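*Asks:* What follows is the residue order along each chain.
Number of protein chains: 2
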Amino acid sequence: MQQQETDLYPSRQGKKETITHRHDPVVYPYHKPELESTLSPEQIARYINDGFLVLPDYMSDWVEALQYKIGQLKQIMSGREELITEPDSNALRTIFNPIEHNQLVKNFFSHPRILNIARRLLGSEVYAMQSRVNIKPPFTGRSFPWHSDFETWHVEDGMPRMRAVTAWIMLTDNHEKNGPLYVIPGSHKQFVCCEGSTKDNNFATSLKKQMLGVPLQHSMKELMGNKEITSVTGKAGTVVFHECNIMHGSPDNISADPRSILMCVYNSMENIAQKPFSDLQPRPHYLNSRHPAPLHPLNDDADTHHDINPAIAISS
Amino acid sequence: MQQQETDLYPSRQGKKETITHRHDPVVYPYHKPELESTLSPEQIARYINDGFLVLPDYMSDWVEALQYKIGQLKQIMSGREELITEPDSNALRTIFNPIEHNQLVKNFFSHPRILNIARRLLGSEVYAMQSRVNIKPPFTGRSFPWHSDFETWHVEDGMPRMRAVTAWIMLTDNHEKNGPLYVIPGSHKQFVCCEGSTKDNNFATSLKKQMLGVPLQHSMKELMGNKEITSVTGKAGTVVFHECNIMHGSPDNISADPRSILMCVYNSMENIAQKPFSDLQPRPHYLNSRHPAPLHPLNDDADTHHDINPAIAISS
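Chains D and P, in that order, give the protein sequences.
Numbering-wise (the working numbering), the first sequence opens with residue 1 and increments by one.
Numbering-wise (the working numbering), the second sequence opens with residue 317 and increments by one.
Please note: incorrect hints may appear among the correct ones.
Claimed, not checked - Below are the BS3-like pairs computed for lysine-lysine, each with C-alpha atoms no more than 27 Å apart in a straight line:
| hint | chain 1 | residue 1 | chain 2 | residue 2 |
| --- | --- | --- | --- | --- |
| 1 | D | LYS221 | P | LYS543 |
| 2 | P | LYS551 | D | LYS209 |
| 3 | D | LYS74 | P | LYS537 |
| 4 | P | LYS390 | D | LYS221 |
| 5 | D | LYS235 | P | LYS543 |
Rather than coming from a laboratory, the hints here were simulated on the basis of the structure.
Every value quoted in this text rests on a predicted model; they were computed, and no experiment measured them.
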């Protein structure tokens, strides 16, 4: 483990909650010929300004195969701690670390159309710090309160700087009524130093229902200002990139439609997790990989998901 | 108490959940000259078909005075059992029976522009069976699961038939993000005989978080069919009438905006609550009035809310 960096983003240290400025760029330069055409200048400007980017129907031809493999994963991983149920029921809420348990998921997040956007935004080689399937079942899928992912990753996992991005694909249509992601555009430019302090194993309950790292109401009002809460909706196959510090949450799913997404957090190889910025022990590896290895874009000839050998498609 | 009628809508009697047809009309004939112009034939047809009716900006000039009086009520009624807090916090969720505690609220629901619509729809004189303020505070306001009000009123209060309507005014803007009412248009034409059985004092917890009388997922899917969940949104001052058996719910308020509404359930004088259609004791009077007295439309000269004498405006 490297020497600990200065804590630029102290949070949950028993102090009064404050809102400070971001000290890091949103997009980092990276001059590689293969990255030139990943995003247009307008798309990059929008990501810098809003903190997220929606690519409708971007990977639609992967949806069916991914859904199938994730259905298998539910069975294969049954009983493992990577599976989290809903707070009010036994319905499955989250599967962590599918990337380590399924080759197709790994191929997806190694696809140049996804991976190269992450490399372009973070200005470096990247690794899969965390992956997950969020299921949000019909009727019973519960909300996620407002939070910045970075705040948790910094305090609980030791991510030093804001240099990570989450990429996710909608596996079902995400619409206004099935608990879509809500974001506050532009909120990634500020950082909320939250109140409270973190107890060991907070994650064991926070994965069901987050309580710490949730800003107080007056901070949320300040952060929202006159910004509009934006629902991130789209058809299955839509891909979204959101910045690690954007303030986001999501409402209950009280519709009859599941709202499933598959996510991967890309972290820069220059931003590898250290000791948590708190007195905590690091969380389990499936929440934050402790063996970062740069992902390599798949070659074109490996770039197919239809003929994955079922025998190797699922491996733990 | 009258002799008990036959139970046309048995529910929570320990049997398998089923969906049956409605046995009652949605709108009842009532030929009174003063009711002729309350609603257009198109509006009545829409109410019959959808089970609800939205009247944008209908009583906007009442909003400020009502908000002020309800602010006072919170103080005056503090500590009383009519005040219900949120399941996860001490934030105020509901004030029951404001109509008995404030003259302006009573005037509002006696205003001919409101009351005569209720008389027209129910085809009889009507009384205020229940009144409430639903507050849904910013960030902490929790969802209401799918339910039919009639199911509860029938099983827990002894309302014999479907001949009641809820009128409510938006006291703040109700928008997509602050937990608006969701309805399933047309669902009032069927009745879900729910599973489970009701324990005494169920209401003590159900007012915070309803568990019984919430249809199972397969019933909800059947009821939804290919209907779209509809959000009932509008500016403060908008008035809504919804039929007692329409399936409705609402999501969390995770926005910074409160979502407050003031409601009154008008029940027909021909449909007065009897013994509950279960083994329960009747619920407290503030949930279901046991002294029904027909409401009389205010005269035009009493029809002003601006010059209410503050000394008499609040009386308990």
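*Asks:* Hint by hint, say whether it matches the structure.
*Replies:* Going through the hints against the structure:
no.	hint	in the structure
1	D:LYS221 <-> P:LYS543	violated, 36 Å
2	P:LYS551 <-> D:LYS209	violated, 33 Å
3	D:LYS74 <-> P:LYS537	holds, 24 Å
4	P:LYS390 <-> D:LYS221	holds, 23 Å
5	D:LYS235 <-> P:LYS543	holds, 19 Å
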